[in-house]
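Participant: Keeping the supplied structure of chain A fixed, place chain B upon it in accordance with the hints.
Note that the protein sequences, when read in sequence, are chains A and B. In this text, residue positions in the first sequence follow this note's numbering: the first is 1, and each later residue adds one. In this text, residue positions in the second sequence follow this note's numbering: the first is 113, and each later residue adds one.
For the record, the hints were derived by calculation from the structure and aren't laboratory data. For glycine and all other residues, C-beta sits at the position ideal for the given N, C-alpha and C. Treat each hint with caution, since some may be false.
Said to hold, decoys possible - Where chain A lies over chain B, by a calculated footprint (3+ residues, C-beta under 8 Å): (1) 146-156; (2) 223-233.
Unchecked claim - Result set (DSBU-like, lysine-lysine): computed pairs, CA atoms no more than 35 Å apart in a straight line: (3) B:K153 - A:K104; (4) A:K107 - B:K126; (5) A:K104 - B:K132; (6) B:K153 - B:K176; (7) A:K59 - B:K178; (8) A:K56 - B:K153; (9) A:K57 - B:K132; (10) A:K59 - B:K132; (11) B:K167 - A:K57; (12) B:K178 - A:K99; (13) A:K51 - B:K153; (14) A:K56 - B:K178; (15) A:K107 - B:K178; (16) A:K36 - A:K107; (17) A:K99 - A:K59; (18) B:K126 - A:K36; (19) A:K56 - A:K107; (20) A:K51 - B:K167; (21) A:K99 - A:K51; (22) A:K59 - B:K176; (23) B:K153 - A:K36; (24) A:K36 - B:K167; (25) A:K70 - A:K104; (26) B:K132 - A:K51; (27) B:K126 - B:K167; (28) A:K70 - A:K59; (29) A:K70 - B:K167; (30) B:K126 - A:K70.
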Amino acid sequence: GQQVMQIPQYQHVQEGEDFTTYCNSSTTLSNIQWYKQRPGGHPVFLIQLVKSGEVKKQKRLTFQFGEAKKNSSLHITATQTTDVGTYFCAGRTQGGSEKLVFGKGTKLTVNP
Amino acid sequence: GAVVSQHPSWVICKSGTSVKIECRSLDFQATTMFWYRQFPKQSLMLMATSNEGSKATYEQGVEKDKFLINHASLTLSTLTVTSAHPEDSSFYICSASPIIGQGAFGSYEQYFGPGTRLTVT
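Extracted from the complex, chain A is given alone in its bound form (with noise of 0.2 Å):
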């Protein structure tokens, strides 16, 4: 079945340090969302991408999805304490399911 594998699984920064998530589905995707959790709570959607190569901007998060749309990342310009929570990217398959295939997630620590 898909997979979507998501590296790396923690990541602590201090802050002021960029940061940077990567998904990546073992097959081809038709649209990739991004979640957080903050510690304790329930994950909340960030972003959807749809269209190949597409990048967007959230204030300091850049979110890609790649040419071949198998591939996606979420970078964070300057983390700050209030980025901390875990960062899952999640997958549709193509065909038009409402499934979606979440990644492991990577959990951001981050130093004041």
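Facilitator: Relative to chain A, chain B alone:
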């Protein structure tokens, strides 16, 4: 907007009993609701996809007779864990996907409930 509630937030039950968990979309209508399990420090494992008025679609390895899902309306889905055993102890979390076009981002984003912690003794 786009708030999803779950009830109860935590429950402790004895082995052999059944537990019902409710998932409600409070300010939007959901075409589809999803049920996940999340183990400590792990990712979300999709259990089933439920559409209003039709039978749920279960993922491979998930027992449909054990995890009964009812999606009675566009704002309510329930998960019943029947004859619960200690290995069923987990964090169950639902999400709801707005009817296409109603979501803030156009379509298919999922809004998650706060989760239900089930402990079976």
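Participant: Evaluate each hint against the coordinates.
Facilitator: Results for each hint:
no.	hint	verdict
1	146-156	holds (count 5)
2	223-233	holds (count 5)
3	B:K153 - A:K104	holds (9 Å)
4	A:K107 - B:K126	holds (34 Å)
5	A:K104 - B:K132	holds (27 Å)
6	B:K153 - B:K176	holds (26 Å)
7	A:K59 - B:K178	violated (45 Å)
8	A:K56 - B:K153	holds (28 Å)
9	A:K57 - B:K132	violated (40 Å)
10	A:K59 - B:K132	violated (41 Å)
11	B:K167 - A:K57	violated (39 Å)
12	B:K178 - A:K99	holds (21 Å)
13	A:K51 - B:K153	holds (31 Å)
14	A:K56 - B:K178	violated (42 Å)
15	A:K107 - B:K178	holds (32 Å)
16	A:K36 - A:K107	holds (10 Å)
17	A:K99 - A:K59	holds (29 Å)
18	B:K126 - A:K36	holds (33 Å)
19	A:K56 - A:K107	holds (22 Å)
20	A:K51 - B:K167	holds (32 Å)
21	A:K99 - A:K51	holds (18 Å)
22	A:K59 - B:K176	violated (43 Å)
23	B:K153 - A:K36	holds (14 Å)
24	A:K36 - B:K167	holds (30 Å)
25	A:K70 - A:K104	holds (16 Å)
26	B:K132 - A:K51	violated (40 Å)
27	B:K126 - B:K167	holds (28 Å)
28	A:K70 - A:K59	holds (25 Å)
29	A:K70 - B:K167	holds (31 Å)
30	B:K126 - A:K70	violated (44 Å)
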